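Undergrad: This is what each chain is made of:
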Amino acid sequence: MSDTKKILIKGGRVVDPANGFDEVADVLIVDHKIEAVGSVKDAGAEVIDANGCIVCPGLIDLHVHFREPGDEEEETIFSGSAAAVAGGFTSVVCMPNTKPAIDDETSVEYIHRMGRQARKTFIYCMGAITKDRKGEELAEMGLMVKAGAIGFTDDGAGVQNAAVMLRALKYAQMFDIVISQHCHDSSLGSNGVMNSGYNSTILGLPGMDPLAEEMMLWRDVQLVKKTNVRYHAQHLSTAGSVKIIREAKADGLPVSCEVTPHHLLFTDDAVMDYDTNFKVNPPLRTAADIEALKSAIKDGVVDCLATDHAPHLQSEKELEFLTAPCGIASLECALALYVRALVEPGVIGWSELIALMTYKPAGVIGVDKGTLTVGSRADVTIFDPDAEYVIDTEKFYSKSRNCPYDGWKVSAKIKTTIVAGEIRYSN
Amino acid sequence: MIRRNTKFNWKRKHLLSLRDLSRQELEHIFETAKGFEQFSTRSIKKAPTLRGKVMVNMFFEDSTRTRISFSLAASRLSADIVDFTKKSSSVSKGETLIDTARNLEAMGIDIVVIRHNAGGAAKLLSRSINACVVNAGDGFNEHPTQGLLDVYTIVKEKGSLEGLKIGIVGDIAHSRVARSNIWAMTKLGAEVTLVGPPTLMPAKVDQLPVNVSYNLDDVIENLDVINMLRIQFERMGGNPFPSVREYSHFFGLTVERAQRAKPGMLVMHPGPINRGLEMESEVADGEKSVILKQVANGLAIRMAVLFLVNQAAMQEGKK
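Which chain is which? The protein sequence lines are A and B, in order. Number 290 in my numbering belongs to position 290 of the first sequence; there are no gaps in the numbering. Number 1290 in my numbering belongs to position 290 of the second sequence; there are no gaps in the numbering.
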């Protein structure tokens, strides 16, 4: 019995929204499972003092780009996994827009294998909806499901052709998976590099109309009506999209959506100096859009908070705004950013925040995670909600530094990240 | 007339946009240009102002007028000139704009004149190198020296822009000339009306300090100045208007339209002209046209700009 490994997390504020639990308690982990939550005494356990900290289910991010295979100079599954646990994430979902795209079972198996070897966070992946993400022919969805893909998306691009999208949703009826979309009608915003509006006009940059996102989202909602397959809209950025999701949910459709930190923290004013760290897709929008997203979060219309962690080389971000790649690397500071955007201004409380980063995203991809239920796998994140720190990209585990939050003074510092009963990060 | 303001201390070592400039700064450039104008009439057309300085023309897009004008301006100020032309802009895995500029800078250049297809390219450059940066057109953001020479031409012809009604006609959405014109003209007191089809108007055009009209015939009779933009087929995606014929019908400056204008209306065009499209040849070459005067004034404006940015850089160096 000496092989049994025990960890006792003492005296933290245990917040487990799925179980409606929020009080000071101990959490005992035996081997890779949650053994007990409450007042626990166990002499043989390794003790973590969580006094003053929040102890919650491990955070789950449904949207990361780890760039492997193809762009390993920007990120690898190894470096991305280390960044994930440093950010408190015990599970992440890798997007399939790699080079080559994750569009067959071998690629899915490769991602999982590299994730196991990294042995940091738990790696899920979505496969591409269409071969090579070209939006033309369906990829081998069934074989990818068999290999463990938990959903499908052509992220980076939306599936432009309505007939192809309808076929994907119909075909997906065979499986218990989610179809996820980067909503962007390229006919309406093909060359845009920022939000279309007054700022794009005075900067002389091609704009992306909010309609490009909303048109595809609206179209997809009609297709979901017809097929009743679980559908997830990625990184909502406009008030119009919020309205479409709100109505679809009111109609009882199986739709969900996510929001990213940058769409809550910045408007397109951030682009005024042509700083490419603010170039993202979908683009930063307006104050009215931020308000709509926040009220959707408050009202429970938003299902989860993701990062869209999108690492890029400094040399590529040094290009002209027109040509630089889109994205922000934010995995390591995401929790603090959400605290800044949502908890500090009183939009939601800790329990709601944690729900949006744990069991709710788990529900979107249909995995039984994100709780501290006794007997469940011990994925646990411990953070100090009051500890202030300065975001320093030089200390990132991520290989990339394209992060506009560098130098921000924030709170909510990750102390310990436990994955399957193993301490994978501690600070 | 241009107000005299000899005590003004120019502090910018880059000229990136006219949106940044104050009225006072605009007037200071004109006053400086005026001093340089006599050069063209002298027998020895050179001043030693930039002797020993090196100016690079970094042109990532085609240009005849602007590039030659900058070269000539620099040579009149005795600078050494290097021409760098590259058809395409930096590609993601090739040498970046910044790397190219840093390399040139390592060879000891003092002023970079840049034309680039990306809005903000000049600003990006100014953040990355120590040399003076002069924007010779970046994407459809700005073309400050063109805006300056346009306004300078109007000032010379009309005395002032105060209260003038100016029409800018054509592809506003993709025009850097329009943007630079709008900022400079409105700062100097003109009332600007943008004229063109709605498909060639930029987003939220109503928030700019201008009027908008879709009907040239409605406004032509009231204009003191009309600036006809070139239809830039290379920039417009799709087909923002059904045909060249239809465009000319509604927005071309025909002889008939020009006759309905005020007798003293100035006809301007940043060049190169698509004759018969934006305007009929009779108008382009007619008595109202100041198109060639614009080109001539461009030289004095560019001499003034090169002189001023270099002066600011020298002052900065002394600190």
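The hints are simulated quantities; they were obtained by calculation from the structure and are not laboratory data. Remember, it's a predicted structure, so these values are computed and weren't measured experimentally. We put the beta carbon where it would ideally sit given N, CA and C, even for glycine. Incorrect hints may have been included.
[Unchecked claim] Label pairs and their computed distance ranges (CB to CB): (1) 73(A) x 1244(B): 41 to 49 Å; (2) 387(A) x 1213(B): 54 to 62 Å; (3) 163(A) x 1238(B): 22 to 30 Å; (4) 137(A) x 1186(B): 34 to 42 Å; (5) 1031(B) x 134(A): 17 to 25 Å; (6) 99(A) x 1221(B): 56 to 64 Å; (7) 222(A) x 1238(B): 22 to 30 Å.
Undergrad: Does 22 to 30 Å hold as the CB distance between residue 163(A) and residue 1238(B), or does it fail?
TA: At 23 Å between Cβs, range holds.
Undergrad: Taking 54 to 62 Å as the hint, is the beta-carbon distance of residue 387(A) and residue 1213(B) inside that range?
TA: With Cβ atoms ~59 Å apart, the hint holds.
Undergrad: Note whether the CB distance of residue 99(A) and residue 1221(B) lies within 56 to 64 Å or breaks it.
TA: Taking Cβ atoms as reference, residue 99(A) and residue 1221(B) lie about 60 Å apart, which means the hint holds.
Undergrad: Okay, residue 222(A) versus residue 1238(B) on CB: inside 22 to 30 Å?
TA: Roughly 26 Å apart at Cβ, these two residues keep to the hinted range, so it holds.
Undergrad: Determine whether the Cβ-Cβ distance between residue 73(A) and residue 1244(B) falls within the hinted range of 41 to 49 Å.
TA: Holds, since residue 73(A) and residue 1244(B) (Cβ atoms, about 47 Å apart) stay within the stated range.
Undergrad: Lying within 17 to 25 Å: is that true of the beta-carbon distance residue 1031(B) to residue 134(A)?
TA: violated, 59 Å
Undergrad: In this structure, is the beta-carbon distance linking residue 137(A) and residue 1186(B) contained in 34 to 42 Å?
TA: Hint violated: Cβ distance 54 Å, outside 34 to 42 Å.
In summary, the structure is inconsistent with hints 4 and 5 from the numbered list given earlier, while agreeing with the others.
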